[in-house]
Amino acid sequence: MAELCELTAIEARRMIGDKSLSPVDLLESCIARVEAVNPTVNAVTAKAYDRARAEAKEAEAAVLRGDELGVLHGLPLGVKDLLQTEGILTTFGSLLFKDNVPDSDESIVATLRSAGAIVFCKTNTPEFGAGANTTNLVWGATGNPFDPARICGGSSGGSAVALATNMSPLCTGSDTGGSLRIPAAICGVVSHRSTPGLVPTEKHGFGFTTFGVQGPMARNVDDAAMMLSVMARFDPVDPLSSPMRQNLFKGVPEVDLSKLKVAVSTDLGFAIVDKRIRATFEERVGLFKSAFKECIWSEPDLSTVRKTNWVLRALQYLSRYKTLYETRADELGPNVKSNYEAGQKLSAEDIAWATTEQTNLYREMGRFFEDVDILICPTVAVPPFPVEQRYCDEIDGQKLDDYVEWMALTWGLTIPGNPVTNIPCGLEPTGTPFGLQVCGRHHDDRFILGVAKSLERLFERDPRTARPLPDIEKLLV
Amino acid sequence: MIMNEPCDLTAVEARRLIGRKRLSPVELLESCIARIEMVNPTINAVVATCYDRARDEARTATEALLRGDDLPPLHGLPLGVKDLSNTEGLRTTYGSPIYADFVPDKDERIVASLRKAGAIVVGKTNTPEFGAGGNTNNAVYGATVNPFDTARTAGGSSGGSAAALATGMLPICTGSDTGGSLRRPATYNGVVALRPTVGLVPSDRRPLGFTNYGTLGPMARTVGDVALLLSGMAGGDNIDPLSYPHDVDALRRIEEIDLGGLRVAVSEDLGGAPVDNGLRKVFRDTLAHYSSVFGSCVDKDPDFTTANDVFWILRGVYFVANQKERYDNHRDQLGPNVLFNTEAGLKMTVEEIAWAEAEQTRIYRNFQSYFENFDVLICPGAPVPPFPVDQRAPEIVNGVKMEHYISASAISSWLTLTGHPVVALPIGLDATGTPFGIQIVGPRHGDRFVMGVAHALEALLSQNELTRRPIPDIRALAVEA
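Respectively, the protein sequence lines represent chains D and V. Those letters in the first sequence? Residues 2 to 478, by the working numbering. Those letters in the second sequence? Residues 162 to 642, by the working numbering.
To be clear, the hints were calculated from the coordinates, so they are not data collected in a lab. The beta carbon of each residue, even a glycine, is placed where N, CA and C say it ideally should be. Careful: at least some of the hints might be erroneous.
Chain D residues, not near chain V, derived (Cβ > 12 angstroms throughout) [claimed, not checked]:
#1 Met16
#2 Thr267
#3 Val312
#4 Leu362
#5 Asp472
Ranges between beta-carbon positions, derived for each pair [to be verified]:
#6 Ala273/V <-> Leu470/D: 46 to 54 angstroms
#7 Ser291/D <-> Val264/V: 23 to 31 angstroms
#8 Ala300/V <-> Gln247/D: 50 to 58 angstroms
#9 Arg629/V <-> Pro103/D: 50 to 58 angstroms
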């Protein structure tokens, strides 16, 4: 099928600019796709079609008037249901907020709207974004477009599925322990977790954190970079935001791979990784390693990252959910509760240790990247599991301690805060997409996106590494 | 009494003369060494020294000059390094007996960066043990005294740097600041300091990297000198989580600011910080005299209602992170301030810490809203005049007893929580005859801007002998030869 909703965001925007595509037609195509496949995959939560149609008409009129058009002018946008959208139901995946209609946009949404994006739907997320199985008591589970009985990843699962099935060309996501990267990997789309502060937000409870990074999700690196060019800005409301010398994300240049020294790692030296994923990664490295000047098996020393992540995560939950836990604990899900209760057991010494260790890990990554330009590793440690299962509790016979252990490959990079682009690289053995994390130096987001773009170009030439597409026909109701 | 030796030149002027071959780095260094030998026995600001190495470096710097090499921005300028920073081959004690004989085998980043920018390390400047406190005094080197009244404190914790600058021992010094350690000694000695936006001057030794706590910063005798020094220490680096890429060279180009276009907020006590009534009067009178030069100037306090508790709790975590190992293994060698803070930190509950971290972010955000209406905030630079050197900290302010040794630091420590850049600028003498100054707070990341404002104000204040930078009587401090 060649529908308008299948256009890349860059191509659609170009056609809108040269008047060969009307924002109204593009929106209607996206709406039709949502209506066709969403009953099967359940990626979209609230819909704002009427308002979006009015905005698309106005966007079309602006084109015809010859107005100056924003970077995202007329592009339909799905917004993760953790972000507050003015006039559109925002539940955070929690029963406590099942009827919550915010009276203002949070700044990321306002910024994307003012660049011309048209918010037409919200995308599903686990309760308060806790966990990488996108399911909650308000909306139920989002299914994998390659196998709807299995998980699509999370917490930005609705966004990833909406992109993979061409419901929307662009979606927002956010990432604490892997929530931009895991669903993008499982659904075969692209996401970028930026250096903390590059995409400012006013919503962090703890401002000085590498958790909760907001970012773009799209079907290719160029689209994600174009969206990032709007989201990245200086806003002192976020204590980690800093002035940018130039915003250079739109049209990131490709990088000459043959000049790069690249480290590859199957498990970052500490994560538990399924043997099928290990084998897939090793096989793919074999396919692409010759593109680089040098490709070595190497990883930074992240041996303390597990405990550091657990303490910092628990501390954050303790602060954020104190009131809810004390007054309405019975309405909170098991993931939120378990993090909160872990937090109650901490001491001042634990916190001092973990905050110091986070800085040590930051510096360790700095040292690591003195020697190599880029680090590549798998994004997800296991093939997707059935949606009924809350989390993966065992890998190759080894029992896992808690619901975040299977996501170690992603939160291992969250703690030092290095930027990561997730790109698809073929399928894993059970028939769902396989994703790679392309990780680099702090504040080097543009370079990392450039490397990801060059890899994407390389991968599309080989069916074993090309971006997999779901069979839309099978998802139709 | 104004002295006219090379060591009394501003850094900017000395660097200009060096560039024109009218002053040799050797001559400048010898002048600084002579001044140190003359007044340091009285002041005790400079502790370890490395004259031989400095002389070698000054000779090399002179040769480079004569060869016509490209000269870096701080070429040939003598530098004092606060004794909390590691200097390769030069004793570094942190003011602690545990490290009384410690000689690092490597410069820490700021020192390496300044050397690379051409500065010549002459010696280390005194600090309280691990920088804890506003009185520069420790069991290794003893107390640094105020050059305007040697019975009183030079302030702290960058007290050695401030007193060395005030007496012309050195033209530029490094400092660092958690609760006011750059700003208060600058105020007490009539010199200038910038507490930069945290991350602008990266540190490889900040243990809690993702905080606004402890930052390194520049100290000198003029705003222009501070800007020059800042450009030698700033950088984007992958060793400090808050550092970010920026144009380092732009930092030493002072921004021209039209004071007549500024919206200025004035706060006598940040809405409740202890400030001595005598200092309030100096502050009010000076501001009243100059307020008409600004576009607008209104009294408006920021909201720091919870700042005391937040600062105290985060400080506890900071001390546990920094000192727990020494607390477990060398407790008998730790001083009262460090013991007190570490023990308080160990008793803090996880709920208190979670609250404080979230509350700091709320304070930060409230401050951003406050700053939407103002370009700068001006408040006093110190809570009390310099106190007797044998006193650990100010005990009573306006008749009110202070709870502990950092209670009186609120006028500076509350601003730490915001991470905004602050310039400490002298405005003359207080009623007790020692220097007094103001803090000029700029917008987040507005380091260049706030230095531009301070530079314009400095020019204005220097026209009046009551408000110009006070200079101590050097001859009175000299030891009998």
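Here is what the structure says about each hint:
1. Annotated as non-interface, Met16/D keeps its C-beta farther than 12 angstroms from every C-beta of chain V; the closest such distance is 35 angstroms.
2. The beta carbon of Thr267/D sits about 25 angstroms from the closest Cβ of chain V, which is more than 12 angstroms, so the claim that it is off the interface holds.
3. With a minimum CB-CB distance of about 10 angstroms to chain V, Val312/D fails to clear the 12 angstroms threshold, and the non-interface call is violated.
4. Against chain V, the non-interface label of Leu362/D is violated: not every CB pair exceeds 12 angstroms, the least being about 10 angstroms.
5. In this structure Asp472/D is separated from chain V by more than 12 angstroms, as the shortest Cβ-Cβ distance comes to about 44 angstroms.
6. Hint check: Ala273/V to Leu470/D, Cβ distance near 52 angstroms, so the stated range 46 to 54 angstroms holds.
7. Judged by the Cβ atoms, the range 23 to 31 angstroms given for Ser291/D and Val264/V is violated: they are separated by roughly 49 angstroms.
8. A C-beta distance of roughly 51 angstroms is found between Ala300/V and Gln247/D, which places it inside the suggested range of 50 to 58 angstroms.
9. Hint check: Arg629/V to Pro103/D, Cβ distance near 55 angstroms, so the stated range 50 to 58 angstroms holds.
Hint violations for this structure: numbers 3, 4 and 7, all remaining hints satisfied.
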